[in-house]
Amino acid sequence: MLSVLVWVPIVGALVVAVLPESSIQVSARRVALAIASFILLWSVYLMLQFNVAESGWQLQESLPWIKELGLVYQMSIDGLSLPLILLNSLLTLIAIFATDLNINRPRLYYSLMLVLSGAVAGAFLAQNLLLFFLFYEVELIPLYLVIAIWGGARRGYAATKFLIYTAASGVLILVAFFGLALVSGLSTFDYEALRSHSLPLSTQLVLLITLVIGFGIKIPIVPFHTWLPDAHVEAPTPVSVLLAGVLLKLGTYGLLRFGLGLFPEAWSVISPGLATIAVVSVLYGSLAAIAQTDMKKIVAYSSVGHMGYIILASAAATPLSLLGTIFQMVSHGLISAMLFLLVGVVYSKTGTRDIGVLRGLLSPERGLPLVGSMMVIAAMASAGIPGMVGFIAEFLVYRSSFPVFPVQTLLCMIGTGLTAVYFLMLVNRVFFGRLPEALSDLPRVKWRDRIPAGIIAILIVVLGIQPNWMLRWSEQTAVAMGTNTLDRVTAMQATEAVENLEATEVPAVKVSLTLD
Amino acid sequence: MDFANLAAQLNAGAILPEAIVIATLLIVLVVDLITGRSSGRWTPYLAIAGLLGAIAALFLQWDSSTPIAFLGGFNSDNLSVIFRGIIALAAAITVLTSVRYVEQSGTSLAEFIVILLTAALGGMFLSGSDELVMIFVSLETLSISSYLLTGYMKRDPRSNEAALKYLLIGAASSAIFLYGMSMLYGLSGGETRLGVISASMVAHSGEQSLGVVIALVFVIAGIAFKIAAVPFHQWTPDVYEGSPTPVVAFLSVGSKAAGFALAIRLLVNAFPTVIEQWHFVLTALAILSMVLGNVVALAQTSMKRMLAYSSIAQAGFVMIGLIIGTDAGYSSMVFYLMVYLFMNLGGFACIILFTLRTGTDEITEYSGLYQKDPLLTLCMSLCLLSLGGIPPLAGFFGKLYLFWAGWQSGAYGLVLVGLVTSVISIYYYIRVVKMMVVKEPEEMSEAVKNYPPIQWNLPGMRPLQVGLIVCLIATSLAGILSNPLFTLANGSVLGTPFLQAARVTQPVAQIHTEPANIASDVKL
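Those protein sequence lines, which keep their order, are chains L and A.
First residue of the first sequence: 2, per the working numbering; consecutive thereafter.
First residue of the second sequence: 179, per the working numbering; consecutive thereafter.
Worth double-checking, as some hints may not be accurate.
[What the hints assert, rightly or not] Okay, derived cross-link-like pairs now, DMTMM-like style, lysine to aspartate or glutamate, Cα gap no bigger than 25 Å in a straight line:
id	chain 1	residue 1	chain 2	residue 2
1	L	K350	L	E22
2	L	K68	A	E540
3	L	K298	L	E22
4	L	K68	A	E618
5	A	K550	A	E621
6	L	K162	A	D505
7	A	K332	A	E318
8	A	K627	L	D101
9	A	K550	L	E266
10	A	K332	A	D505
11	L	K162	A	D241
Honestly, the hints are just simulated from the structure, not real lab data.
Please put together the full structure from these sequences, using the hints given.
Right, dumping it as structure tokens:
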């Protein structure tokens with residue numbers, strides 16, 4: 002059942018790669034769209050099969066693979082991965098739909114996009130640590146190639162930077178996994194087996210910090226973020242959509258699944274540090290976004306900032322904050338995808354993304370009025386205006402993190418204000434005012450350009466008004482993860498207290514002995 | 179000693195695979211003499227049939243109950259079977275890729291094949307030799323045929339230069355190796371059989387540690403030359419660049435595998451008393467090889483030189499398995515060599531094809547190749563990415579297995595160096611992929627612009643195509659479907675008595691040394 006999400010795109014990619022030469026543009030696009038639509042439908046079907054009342058793994062699949070390595074083909078889904086799977090399927094379809102009709106080398110392009118989608122789905126579903134790592138690395142080369150081939154002027158540099166950063170993050174993750182499997186003495190990479198095994202705190206800390214840096218590069222957290230603006234600016238629009246919408250979520254997903262899930266005790270120790278990193282990311286991302294003149298860079302830095310909220314809520318690790326984390330992942334995925342799509346439309350029509358040059362695009366006759374209105378919606382959603390998905394997500398994050406980290410949460414709230422600042426600056430410069438003569442002969446915006454962003458806009462509003470339609474899928478899992486963390490932390494504190502007590506008792510006994 | 183007893187001691191059936199290769203070699207030679215130049219049409223197939231026959235014969239020897247042959251001179255245990263298989267397979271694929279190359283250069287194909295088969299024969303005997311003289315004779319058979327092969331393009335000055343360099347350095351290293359073996363002979367009281375040397379070393383440990391260490395250093399120098407480990411690697415880039423490419427392909431896989439077979443057998447058997455010392459030396463060599471090989475490869479502009487440094491680095495990775503010395507370590511090493519065979523030969527097959535069509539092997543000349551030759555681009559990309567350890571290709575699983583085995587036995591430093599350098603290696607492998615795949619048509623290089631139309635029906639092209647596709651399929655699927663290979667690699671280690679015995683004797687050796695030390699202390 003779940004394997005369909007991985008293997009259909011990959012087999013589909015092979016099919017696309019061998020399509021006949023005649024009218025390849027149309028046929029490759031059609032096949033890719035058909036596969037992506039099927040995947041989306043299948044994800045919806047899985048969602049309907051999903052039992053909301055259940056907090057653990059569902060629809061499990063398991064096949065032995067390489068025994069010597071402890072590598073088992075083990076997949077399943079829970080409330081944490083289900084929304085991300087849906088997001089991945091949706092954004093893949095949208096990214097393929099939003100692709101330029103006359104793209105260069107269509108066969109390779111659509112194949113790589115499908116492989117990317119399959120690999121990401123595999124990473125979200127993997128229940129074996131090595132299997133996760135395998136999919137995490139599989140995604141590397143297709144993404145490198147799509148940036149390097151279809152990217153902007155400095156694409157070679159950006160793609161290589163992305164590759165090296167992600168490969169380094171992969172190595173750190175692998176080291177942490179190796180270390181965990183070895184230290185636990187189980188010599189297995191099975192997630193459940195490792196999770197139920199409790200390690201001493203110091204070991205956990207070493208492994209967790211390695212893991213946090215590894216996933217931190219992917220998320221990205223400041224100071225490992227520099228690859229992201231480069232990659233976003235150079236990547237073609239559909240790839241930016243996938244990158245911001247889905248691929249960054251691999252980092253936060255990994256952090257929650259493997260960091261919090263496997264090392265809850267150590268997590269409670271480093272969580273203040275994580276919250277501080279979140280604050281730095283939020284403020285740095287927002288301030289850097291204000292300073293940018295390239296629209297895509299603004300959106301990219303806003304991504305750095307908004308990923309910070311996810312880290313803040315993950316650090317708090319209460320049931321409610323984990324729910325907020327999952328919701329913020331989905332909300333950020335939708336909003337940033339929409340922003341990138343709209344920036345892509347503006348760029349393709351005007352030929353520039355410089356907010357110093359663009360002006361008055363909202364002009365009803367000759368400008369891009371509908372695109373401009375949608376941009377305003379997206380900016381509002383991103384800034385957390387009530388009625389949109391961003392409001393619910395940020396409200397959940399703040400509400401749940403405030404009791405745990407009051408200072409950090411307050412500082413992060415400044416970021417929300419700053420979001421409004423830079424997006425208003427962007428909207429104000431680019432869409433308001435008089436349309437200059439130089440921009441008056443814009444090509445017509447077709448419905449094809451508007452539909453992808455429109456669909457996301459509808460989702461943003463609907464989920465903003467009726468958040469429970471999304472929250473219900475993850476609620477049980479988030480609660481279970483949160484309570485499990487709390488239980489293990491309290492258990493650890495209890496044993497520590499006992500040990501301390503013993504440590505103080507022993508001299509007392511000795512003293513009494515000498516007195517005798 | 180009656181005849182039946184002697185026949186049992188000789189146990190000539192153990193070298194059936196080698197006998198098949200010898201027979202093939204002679205037939206090729208004679209047929210070439212009789213039919214003259216027209217023999218080139220089918221001698222390659224004869225040679226391949228012979229090598230495949232040898233591999234089939236090796237299958238029959240798997241788990242053989244009487245592995246010892248020739249009065250202890252040759253040991254056909256599972257480990258030797260697997261290494262002989264790797265060498266024979268490497269030779270077979272090399273023959274496939276060399277037909278067109280040799281014909282285009284205007285030299286005689288049959289002679290080339292004969293020398294190549296001799297080299298393979300030397301390597302196969304080396305993998306199983308269990309006795310010092312046998313080791314040296316087969317090592318020289320391999321080496322001398324390799325020198326001949328590197329200089330096979332007589333009219334090409336670079337080939338001559340490569341052969342001369344290889345010969346001089348190789349002869350010096352053989353001499354050093356021989357000197358080390360002579361010391362072993364003396365230290366063990368005039369024994370040449372490895373098993374007896376091992377027992378005698380253990381029995382006399384503590385009395386001769388300095389002599390053993392010197393012998394060890396000399397022996398390692400000889401082995402490190404064969405596997406091209408830093409700092410004994412200096413010949414590699416020059417020889418790889420100058421030699422005919424099919425020869426380089428064989429040297430980088432077949433000759434290297436033989437070197438590793440020799441390393442396992444000799445080091446584990448002859449130096450049980452100085453295990454820590456040889457582990458230390460090899461650790462240093464492995465780290466140097468991984469770091470230097472991967473870093474220097476970044477700066478190369480010639481494809482063959484780049485693969486030369488990459489092969490140095492790969493030798494460093496394989497040495498991890500040798501150093502940790504556990505069952506998992508040895509079998510991960512064997513497994514890595516098996517997948518390395520396909521990915522490296524696949525890479526070289528692509529270089530051969532590209533050189534045949536354009537006459538150059540500069541990396542920049544590959545620019546924009548996808549437009550003209552998608553199959554070559556695909557094959558080269560997959561082989562290089564596999565060498566870089568990108569999943570789901572075979573090299574990823576090989577590296578994962580090596581690193582996991584290393585990690586399990588506590589070689590954290592080595593594994594971390596391996597992981598970091600493999601990130602570096604991705605950079606130079608992807609550079610070539612980028613050249614071929616990413617460059618736009620307008621950035622196409624001159625060589626690719628003048629790319630000849632693809633004609634597989636030219637004489638000698640079909641075998642190359644077959645070799646290419648075999649490597650391509652094996653590289654893509656050997657990782658995902660690697661269970662049979664894993665079983666094979668594990669079986670080769672578990673079914674080899676001396677590796678299993680080594681684990682038992684190690685503690686014994688330590689117990690032996692302790693009283694000896696105490697005794698010497700008392701004397702003082």
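Structure-based check of each hint:
In summary, the hint linking K350 (chain L) to E22 (chain L) is not supported, as the alpha carbons are separated by about 30 Å, beyond the 25 Å threshold. Distance restraint check for K68 (chain L) and E540 (chain A): the Cα-Cα separation of roughly 42 Å exceeds the 25 Å cut-off, and the hinted pair is therefore not satisfied. A distance of roughly 37 Å separates the Cα atoms of K298 (chain L) and E22 (chain L); the hinted pair therefore is violated under the 25 Å criterion. Simply put, K68 (chain L) and E618 (chain A) have alpha-carbon atoms about 44 Å apart, too far for the 25 Å limit, and the pair is violated.
Distance check on the hinted pair: K550 (chain A) and E621 (chain A) sit about 13 Å apart at the alpha-carbon level, within 25 Å; holds. Taking the CA atoms of K162 (chain L) and D505 (chain A), the gap is about 39 Å. The hint is violated against a cut of 25 Å. Simply put, K332 (chain A) and E318 (chain A) have alpha-carbon atoms about 22 Å apart, close enough for the 25 Å limit, and the pair holds. With a CA separation close to 28 Å, the supplied pair K627 (chain A) and D101 (chain L) exceeds the 25 Å bound.
For the proposed pair K550 (chain A) and E266 (chain L), the alpha carbon gap of about 57 Å is over 25 Å, so the pair is violated. Under the criterion of a C-alpha separation no larger than 25 Å, the hint pairing K332 (chain A) with D505 (chain A) is inconsistent with the structure, at around 45 Å. Proximity of K162 (chain L) to D241 (chain A) is assessed by CA-CA distance (about 50 Å); at most 25 Å being required, the pair is judged violated.
Of the numbered hints listed earlier, those contradicted by the structure are 1, 2, 3, 4, 6, 8, 9, 10 and 11.
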